[in-house]
Amino acid sequence: MTETVTDRSAREYPDRPWVGVGVIVWKGDRLLLIRRGRAPRLGQWSIPGGAQHIGETVFAAAAREVLEETGLTVRPTHVVTVVDAITRDAADAVHYHYTLVEVAADWQAGEAAAMDDALEVRWATVEEAVGLVPWEETDKVIRLAASQRSQSSCSGK
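Here the sequence shown stands for residues 8 to 164, where the numbers follow this note's numbering.
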């Protein structure tokens, strides 16, 4: 697949929502967090992710974003939920608008390192993660993914 260079400035004050993919990466009972290196939410703890490319499936975007941001190889397993991320400026104009497809994935290989859009990476328990992420929607996604994972393991899937 040919990599397309994306003009990131087109994401500010967009004329349409951007599709983004967030990834809850599991390694045992811990999940991967990154400290964001770009706006929106610059410097905040979150889950890895980014914009989906033309011609790329959601699962391919999830695996690519985790690899680019952390150097890890992951296996996406399922869609957890979809979140609207709309950030307004002081004049109430839409500064950013993302439709975020949140995907669960299992760690496959590699040591987590801060790369590309990530300032820092760390593995955390669910309790640690929800204490670190300031955005309420990410907190909800982490809790939902943990609940789904728990239900799946209880049912033997």
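No lab work stands behind these hints: they were computed from the structure.
These numbers come from a predicted model, not from an experiment.
Incorrect hints may appear among the rest.
[Claimed, not checked] Computed list of lysine to aspartate or glutamate pairs in DMTMM-like fashion (alpha-carbon distance at most 20 Å, straight line):
| no. | residue 1 | residue 2 |
| --- | --- | --- |
| 1 | K34 | D22 |
| 2 | K34 | E127 |
| 3 | K34 | E118 |
| 4 | K147 | D36 |
| 5 | K34 | D146 |
| 6 | K147 | D91 |
| 7 | K34 | D99 |
Hint check results:
| no. | hint | verdict |
| --- | --- | --- |
| 1 | K34 with D22 | violated (38 Å) |
| 2 | K34 with E127 | holds (17 Å) |
| 3 | K34 with E118 | holds (11 Å) |
| 4 | K147 with D36 | holds (17 Å) |
| 5 | K34 with D146 | holds (18 Å) |
| 6 | K147 with D91 | holds (13 Å) |
| 7 | K34 with D99 | violated (40 Å) |
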